[in-house]
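K.L.:
Now for the letters of each chain:
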Amino acid sequence: MNLLIDREELARLHAHAVEGYPHEVVGILAGSRTNHRVHRVQPLVNERADSPANRYKVGGLVLMDAEQALEGEGFEIIGYYHSHPDHPSQYSDFDRDHALPNMSYLIASVRGGEISNTQSWRLLEDRTSMQEEAITIEN
Amino acid sequence: MTVSIRIPTPLRPYTDGESAVTVEGSTVGDALGSLTTVHGGLSKHLRDDKGVLRSFVNVYLSGEDIRFLDGETTPLTEGAVLTIVPSIAGGSR
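Each protein sequence line maps, in turn, to chains V and R. When we follow the numbering used here, the leftmost residue of the first sequence carries the number 1, and every step to the right adds one. When we follow the numbering used here, the leftmost residue of the second sequence carries the number 1, and every step to the right adds one.
Everything labelled a hint here was simulated from the structure, so no lab data went into it. Where is the CB? At the ideal position from N, CA and C, for every residue including glycine. Mixed in with the good hints there might be a few duds.
Simulated coverage check for chain V against chain R, where a stretch passes if three residues somewhere in it have a Cβ under 8 Å from a Cβ of chain R [to be verified]:
{"id": "1", "segment": "46-54"}
{"id": "2", "segment": "59-70"}
{"id": "3", "segment": "73-83"}
{"id": "4", "segment": "91-98"}
Looking from chain V toward chain R, a few residues come up when the C-beta cut is under 8 Å (computed) [said to hold, decoys possible]:
{"id": "5", "residue": "V26"}
{"id": "6", "residue": "H87"}
{"id": "7", "residue": "P101"}
{"id": "8", "residue": "M103"}
{"id": "9", "residue": "R127"}
{"id": "10", "residue": "T128"}
{"id": "11", "residue": "E133"}
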């Protein structure tokens, strides 16, 4: 599968990741599930105040409220993004353990406060690994 | 008891696209068991290898997190509504 994302929204996502550095940031990828295209990036608050440099979490009710607000605007939820400060954009075992199926997980690597690399992943059905999907930037 | 379980978007491919599934069960655990018996593809995403609900899988009964009730032994009444609400979590290392 190929993840399409509006250029401006990817820029907003990267700005969020840089702004949050050296902590991990997190948010929702919303748009059209049919086209697998992101039209809206929605930043959320990372609740892992105990270990923000290498962990993120958003509780279920907060997430549900945010998703329902986006759905109310006509968007569908395609997946989620987070940053890896001073770490590759490869998913971790911890990411895989906590991943939902049928969702895209975009990871932005931030090194020294600058975006280094961005990759998107989807959980395999048997949960043993995640498969990379290409990211196509759309104008 | 006949109860309803609301299914979040990423898990609906395992319930033939249904956003809510009606099942039988006298406790939360019973109802979830009925759900995964009918829709087997859900099981590995809801529970780990030991059969424990995954940490990011939250189950609410009428707005209350079952972790603050009696967990999966929480009794259900006729017409109860369970909602599966995933949280998201991860991190680099």
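K.L.:
Could you run down the list of hints and mark each one as holding or not?
P.N.:
Do the hints match the structure? See the list:
With a cut-off of 8 Å between beta carbons, the segment 46-54 of chain V has 3 residues touching chain R; three or more are needed, and the interface restraint holds. Closer than 8 Å: that is the beta-carbon criterion, and the segment 59-70 of chain V has 6 residues meeting it against chain R, so the requirement of 3 holds. Given as covered by chain R, the segment 73-83 of chain V passes the check, having 4 residues with a CB less than 8 Å from a CB of that chain where 3 are the minimum. Proximity of the segment 91-98 of chain V to chain R, defined as three or more residues with a beta carbon under 8 Å from a beta carbon of that chain, is established by the 5 residues found.
Evaluation of the V26(V) hint against chain R yields a held restraint, the C-beta minimum of about 7 Å falling below 8 Å. The closest approach between the C-beta of H87(V) and any C-beta of chain R is roughly 4 Å, which is under the 8 Å cut-off, so the hint is satisfied. Nearest Cβ of chain R to the Cβ of P101(V): about 6 Å, under the 8 Å cut. The hint holds. With 8 Å as the threshold, the beta carbon of M103(V) comes within range of chain R, its nearest partner Cβ sitting at about 5 Å, so the hint holds.
Hint status for R127(V) relative to chain R: holds, with the closest Cβ pair at about 6 Å, below 8 Å. The interface hint given for T128(V) is broken, as the beta carbon of that residue sits about 10 Å from the closest beta carbon of chain R, more than 8 Å. Taking 8 Å as the C-beta contact cut-off toward chain R, the hint placing E133(V) at the interface is violated, the least distance being around 15 Å.
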